[in-house]
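*Asks:* Position in the sequence shown (first residue = 1) + 10 = our numbering.
No wet-lab data here; the hints were simulated from the structure.
Don't take every hint at face value.
[To be verified] Per label pair, the in silico range of CB-to-CB distance: (1) Thr14 <-> Ala329: 38 to 46 Å; (2) Pro288 <-> Arg312: 33 to 41 Å; (3) Val303 <-> Arg221: 33 to 41 Å; (4) Pro115 <-> Thr314: 15 to 23 Å; (5) Arg317 <-> Phe19: 32 to 40 Å.
None of these values were measured; they are calculated from a predicted model.
Where is the CB? At the ideal position from N, CA and C, for every residue including glycine.
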Amino acid sequence: MRDTLLFAFAFLPLTLGADWLVRGAAGLAQRFGVSPLVVGLTVVAFGTSAPELVVSALASLEGQPDVAVGNIMGSTAANVGLIVGVGALIRPIEVHRRVIVRETPLVIIVLSLVMVLSLNDAVGRLDGLVLVSGWALYLFFLLKWERVGLFGKSDGASDSDAPLPGAGTDPQQTDIAAPGVWWSLVRIGLGLPCLTYGARWLLEGAEGIARSLAVPEAVIAATMIAVGTSLPELASTLVAAFRRMGDIAIGNVIGSNVFNLGLVLGTAALVRPLVLHPTIVVGYVLPALAFSVILIPLALHRGTVQRAEGGLLLLLYLAYIVMVWLFN
Numbered sequence: 011m012r013d014t015l016l017f018a019f020a021f022l023p024l025t026l027g028a029d030w031l032v033r034g035a036a037g038l039a040q041r042f043g044v045s046p047l048v049v050g051l052t053v054v055a056f057g058t059s060a061p062e063l064v065v066s067a068l069a070s071l072e073g074q075p076d077v078a079v080g081n082i083m084g085s086t087a088a089n090v091g092l093i094v095g096v097g098a099l100i101r102p103i104e105v106h107r108r109v110i111v112r113e114t115p116l117v118i119i120v121l122s123l124v125m126v127l128s129l130n131d132a133v134g135r136l137d138g139l140v141l142v143s144g145w146a147l148y149l150f151f152l153l154k155w156e157r158v159g160l161f162g163k164s165d166g167a168s169d170s171d172a173p174l175p176g177a178g179t180d181p182q183q184t185d186i187a188a189p190g191v192w193w194s195l196v197r198i199g200l201g202l203p204c205l206t207y208g209a210r211w212l213l214e215g216a217e218g219i220a221r222s223l224a225v226p227e228a229v230i231a232a233t234m235i236a237v238g239t240s241l242p243e244l245a246s247t248l249v250a251a252f253r254r255m256g257d258i259a260i261g262n263v264i265g266s267n268v269f270n271l272g273l274v275l276g277t278a279a280l281v282r283p284l285v286l287h288p289t290i291v292v293g294y295v296l297p298a299l300a301f302s303v304i305l306i307p308l309a310l311h312r313g314t315v316q317r318a319e320g321g322l323l324l325l326l327y328l329a330y331i332v333m334v335w336l337f338n
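Let's have the full structure, built from the sequences with the hints guiding it.
*Replies:* Following this line, the structure appears as structure tokens:
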């Protein structure tokens, strides 16, 4: 009972911490004139992926590699199957072709790289460095493309490509001492410790639940923890979908997956090398790859993820959850 309560309560500081972090970071980004699409792909994605980062890093530090990998791959699958699925069921998500063509292949490449790394039955520190470096390179080019106007408003672009209210036009002219900037920094400062303590309680509760149910901890990580740590992505994607900001909604999901597979997995491997058993690869890595691949034709079809397609994604995700429990 204690473990269940601890597990459930841990999502409160995790969610609050992620919310404060993303609000603070997004506020800073807006003050410096960063476009909404880049905010979705970087700042919002980073903030909403913060629970996965802290949980996986702590799991790796405490010698629980299956929990770290299960959480990362489970979250990657949940981002597409659960979040895009639910979002599209509520309201069809319109998305520009360039977002899918440019971003989704990167997720598939990183997942394929993880598959190659798994041939050695482990993701070592050098592998982790490669993943983190790849993520940093992705971020560098993303911001560079923003500077040259690659994300500028094109014909037929939605309002999601318009400047955010209050966003500056020249970073050089931003007043760093403005109250809004300091308030954003306060939010970031409050969010980080909430994330840390929430992650510790979540891991402690999950370990106890796994023992009581006599199931591998990776199962809890890929299902219960993954869904819980994906709640910030779900909230931000639903808000974006309601506001008809399809690029932000899909950009947040894809950006979060890039962060999960690059920064989060890489950081966990840098903390301590991650052992990849064949069951982990088949049960968690392959499904994450499959969900990432299936998103491409669904989003490219008429430039919209329709309700029927959202329902299909959700059914596939539910089938994945059942498979994880039965497979293990």
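*Asks:* Does each hint hold? Answer for all of them.
*Replies:* How the hints compare with the structure:
1. Thr14 <-> Ala329: 38 to 46 Å: This hint is violated: roughly 26 Å between Cβ atoms.
2. Pro288 <-> Arg312: 33 to 41 Å: With a Cβ separation near 39 Å, Pro288 and Arg312 satisfy 33 to 41 Å, so the hint holds.
3. Val303 <-> Arg221: 33 to 41 Å: holds, 35 Å
4. Pro115 <-> Thr314: 15 to 23 Å: holds, 20 Å
5. Arg317 <-> Phe19: 32 to 40 Å: holds, 34 Å
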